[in-house]
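A.B. asks: Go by the hints and put chain B with the ligands onto chain A.
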Amino acid sequence: MRGVVKAFGAVRALDGLDLVVPSGICYGLLGPNGAGKSTAMRILTGQAVADAGSVEVLGHQLPAESKLARARMGVSPQDSNLDVDLRVRDVLSVFARLYRVPAGDRAGAVERALVLAGLSARAQDRAVTLSGGMQRRLLIARALIHDPDLVLLDEPTVGLDPQVRHELWSLILSLREHGATVLMSTHYIEEAERLADRVAIVASGRVVAEGTPDELIRAHAGREVLDVHGSVAELRSLADRARADGLATRQSGPALTYLHADEADGRLPAGRRRRATLEDVFVNLTGDYVE
Amino acid sequence: MTGVSSTVRRIEPVSLAAVWIREWIVFVYYWRTRTFAAVVEPVIMLVAFGFGFGKLVSHVEGIPYIQFVGTGAVATAVLFSAAFSAMFDSLYKRRYQRVYDAMLAAPVDVEEIVTGEVLFLGMRAGVYGVAPLLVAFCFGLPPAPAMVLVPLVGVLTGIGFASLGMLFSAAATTFDDLSYVISGVITPLFLVAGTFFPLNRLPGWLRTAAQFNPLYHCVELVRHCAFGLRPGADVLHVGALIVFAVLAWRLAVWRTRTRLIV
Ligand SMILES: Nc1ncnc2c1ncn2[C@@H]1O[C@H](COP(=O)(O)OP(=O)(O)O)[C@@H](O)[C@H]1O
Ligand SMILES: [Mg+2]
Numbered sequence: 001m002r003g004v005v006k007a008f009g010a011v012r013a014l015d016g017l018d019l020v021v022p023s024g025i026c027y028g029l030l031g032p033n034g035a036g037k038s039t040a041m042r043i044l045t046g047q048a049v050a051d052a053g054s055v056e057v058l059g060h061q062l063p064a065e066s067k068l069a070r071a072r073m074g075v076s077p078q079d080s081n082l083d084v085d086l087r088v089r090d091v092l093s094v095f096a097r098l099y100r101v102p103a104g105d106r107a108g109a110v111e112r113a114l115v116l117a118g119l120s121a122r123a124q125d126r127a128v129t130l131s132g133g134m135q136r137r138l139l140i141a142r143a144l145i146h147d148p149d150l151v152l153l154d155e156p157t158v159g160l161d162p163q164v165r166h167e168l169w170s171l172i173l174s175l176r177e178h179g180a181t182v183l184m185s186t187h188y189i190e191e192a193e194r195l196a197d198r199v200a201i202v203a204s205g206r207v208v209a210e211g212t213p214d215e216l217i218r219a220h221a222g223r224e225v226l227d228v229h230g231s232v233a234e235l236r237s238l239a240d241r242a243r244a245d246g247l248a249t250r251q252s253g254p255a256l257t258y259l260h261a262d263e264a265d266g267r268l269p270a271g272r273r274r275r276a277t278l279e280d281v282f283v284n285l286t287g288d289y290v291e
Numbered sequence: 292m293t294g295v296s297s298t299v300r301r302i303e304p305v306s307l308a309a310v311w312i313r314e315w316i317v318f319v320y321y322w323r324t325r326t327f328a329a330v331v332e333p334v335i336m337l338v339a340f341g342f343g344f345g346k347l348v349s350h351v352e353g354i355p356y357i358q359f360v361g362t363g364a365v366a367t368a369v370l371f372s373a374a375f376s377a378m379f380d381s382l383y384k385r386r387y388q389r390v391y392d393a394m395l396a397a398p399v400d401v402e403e404i405v406t407g408e409v410l411f412l413g414m415r416a417g418v419y420g421v422a423p424l425l426v427a428f429c430f431g432l433p434p435a436p437a438m439v440l441v442p443l444v445g446v447l448t449g450i451g452f453a454s455l456g457m458l459f460s461a462a463a464t465t466f467d468d469l470s471y472v473i474s475g476v477i478t479p480l481f482l483v484a485g486t487f488f489p490l491n492r493l494p495g496w497l498r499t500a501a502q503f504n505p506l507y508h509c510v511e512l513v514r515h516c517a518f519g520l521r522p523g524a525d526v527l528h529v530g531a532l533i534v535f536a537v538l539a540w541r542l543a544v545w546r547t548r549t550r551l552i553v
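So the protein lines, in turn, are chains A and B. Per the working numbering, the first sequence runs over residues 1 to 291. Per the working numbering, the second sequence runs over residues 292 to 553.
Next up, chain A with everything else stripped away, as it sits in the complex:
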């Protein structure tokens, strides 16, 4: 995607988004709610049309060749659009047809997807009777029925409890091992840290930083950071002094975190040093609080 702009009335959901996803990796789009991640995903599936900029997916120009691109893509949307009135097996077999799996492979593809989703025993049940985690797994398995080259996962674990989230993480990691390119959006930093080979941090419809998690941490938070705890008033005066000294800080709940602590020796107050994380980068760049 190059210079993609998309406005909804007065809201510029995407404001010159540039994104290049190398094939064969898990690429994370990390950004706060409203950053434009879902809009970017919907432009990739042709369900939203960019106002400006160019979009190419798997060698196909969008929107003109969107159908060709969609045939090789699998999509798990942020808000589930599972056909919950259908039986689990029927959900998969309808999508095997929609994705044009050849007749001879269809039954096999449905069985493999059932195994992948861990839902073989529930194949005859209506999808509406599944738990939230199971529905999410079915949604992802549905996206994989045709063995796509590119998988779009829009906030794949949002709203799920931690145990289910960990289950899904192993599922997502296994996709990349099968050679598919995964483009995953999330506003959970830990998710991007665990799964993504490369991350683009998105804020207000633009990519504000891009690279491997290590590169991003090195560039935007340094090797080490320093957490200083104190009262609100103390922290505020420390932050003002840091700004005057040209030191980068961020608020993190009850503490003030000095970024690039390893390069600022001597100028820092007493505190607890630790390795910089993607969270430091994210909050520094988006100014957003973290869940």
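Bear in mind the hints are in silico, worked out from the structure with no lab data behind them. The beta carbon of each residue, even a glycine, is placed where N, CA and C say it ideally should be. Heads up, some of the hints might be wrong.
[Claimed, not checked] Ranges between beta-carbon positions, derived for each pair: (1) Ser-174/A / Arg-386/B: 50 to 60 Å; (2) Arg-267/A / Val-553/B: 43 to 53 Å; (3) Ile-533/B / Ser-170/A: 55 to 65 Å; (4) Val-553/B / Gly-253/A: 32 to 42 Å; (5) Arg-275/A / Ala-308/B: 53 to 63 Å; (6) Gly-118/A / Arg-386/B: 27 to 37 Å; (7) Tyr-320/B / Pro-254/A: 51 to 61 Å; (8) Phe-466/B / Ser-252/A: 43 to 53 Å; (9) Val-331/B / Ser-170/A: 49 to 59 Å; (10) Val-20/A / Ile-302/B: 29 to 39 Å; (11) Arg-386/B / His-229/A: 21 to 31 Å; (12) Tyr-383/B / Thr-212/A: 44 to 54 Å; (13) Val-5/A / Tyr-383/B: 28 to 38 Å; (14) Arg-275/A / Ile-302/B: 55 to 65 Å.
[To be verified] Calculated Cβ distances over 12 Å to all of chain A for the following chain B residues: (15) Ala-328; (16) Gly-345; (17) Ser-349; (18) Glu-352; (19) Phe-379; (20) Ala-393; (21) Ala-397; (22) Pro-433; (23) Ala-435; (24) Pro-442; (25) Phe-466; (26) Ile-473; (27) Arg-521; (28) Asp-525.
C.D. replies: Just chain B with the ligands now, with coordinates in the frame of chain A:
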């Protein structure tokens, strides 16, 4: 890898087949209730009108009243089954179940979804439309060879009304919006189609207006299939139904696309 030919056709049979399969699966789940509603309603209407008015009016245009209504009720069955499903089911699928949203991420376009659904509903309406005719046989309607054309008339009319239903559904945001359509559009079409009374007694302006009611053309064709074809007039009736179906179909595709692709 699954193949899509490198030249993208606008409406591809594989996509239509996939849309139909979903409709068929749902139909197999619910066929008892759906068929019951689609068949029993016109039959009750036929029996009620046939016996009720039948006591007051013995013949209309030389036809026993129950046979007059029986042939007319074919159009009613087609209208109800095609238009109501298209209106309510597709609003449900678009807004609440988001079935179309899911399909559009696959290599299927809005045009294929709409076309697949109206064809499916049209064919189903063609089948359901036969029910009143079968009941009318029990009331002495003599079978005629041209009656084999009735399902075709039903399919053509059904495609038109399914498309009109999809158009209204795409324009609607809530189910309440659709009640306006029922009172404001569907009911008048249904009443002034020549189903229950012949239109030639109506005031001239209303008779002219009825010419623009697609259901009227369906009623006429079905009666002619039962009581004698009139080639000259029937070609015009078929033509009117084709124009209606194509127009409604294109509008439904256009309006649904503006809803689903932003
Ligand atoms: N269909 C739409 N109509 C109007 N506004 C929209 C629509 N889709 C997204 N937006 C707006 O665009 C912005 C980006 O939304 P979104 O892409 O969903 O962000 P994210 O997925 O990163 O949370 C938000 O301000 C959202 O309200
Ligand atoms: Mg989103």
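A.B. asks: Can you let me know if the beta-carbon spacing of Val-20/A and Ile-302/B is within 29 to 39 Å?
C.D. replies: 34 Å, holds
A.B. asks: Is Ala-393/B truly not at the interface, in the sense that its beta carbon sits beyond 12 Å from all beta carbons of chain A?
C.D. replies: The claim is violated: Ala-393/B sits with its nearest Cβ about 4 Å from chain A, within 12 Å.
A.B. asks: Checking a non-interface call: every C-beta of chain A should be farther than 12 Å from the C-beta of Arg-521/B. Is that right?
C.D. replies: 44 Å, holds
A.B. asks: Per the stated criterion, does the least C-beta distance between Phe-379/B and chain A lie above 12 Å, as a non-interface residue requires?
C.D. replies: 14 Å, holds
A.B. asks: Against chain A, does Ser-349/B hold up as non-interface, every C-beta pair farther apart than 12 Å?
C.D. replies: For Ser-349/B, whose nearest Cβ neighbour in chain A is about 48 Å away, the distance exceeds 12 Å, so it holds.
A.B. asks: With d taken as the least Cβ-Cβ distance between Pro-433/B and chain A, does d exceed 12 Å?
C.D. replies: The assertion about Pro-433/B holds, with a minimum of 44 Å to chain A.
A.B. asks: Beyond 12 Å from every Cβ of chain A: is that where the Cβ of Ile-473/B lies?
C.D. replies: 24 Å, holds
A.B. asks: Go ahead and decide if the range 32 to 42 Å is satisfied by the Cβ distance of Val-553/B to Gly-253/A.
C.D. replies: 38 Å, holds
A.B. asks: Given a hint of 21 to 31 Å, does the C-beta separation of Arg-386/B and His-229/A actually sit inside it?
C.D. replies: Since the Cβ atoms of Arg-386/B and His-229/A sit about 50 Å apart, the hinted range of 21 to 31 Å is violated.
A.B. asks: Is Ala-435/B truly not at the interface, in the sense that its beta carbon sits beyond 12 Å from all beta carbons of chain A?
C.D. replies: 41 Å, holds
A.B. asks: Using the C-beta atoms of Arg-275/A and Ile-302/B, is the stated range 55 to 65 Å upheld?
C.D. replies: The hinted range 55 to 65 Å holds for Arg-275/A and Ile-302/B, with Cβ atoms some 57 Å apart.
A.B. asks: Has the hinted range 55 to 65 Å been met by the Cβ atoms of Ile-533/B and Ser-170/A?
C.D. replies: 56 Å, holds
Consistency with the previously given hints fails for numbers 1, 11, 20 and 21, ordered from lowest to highest.
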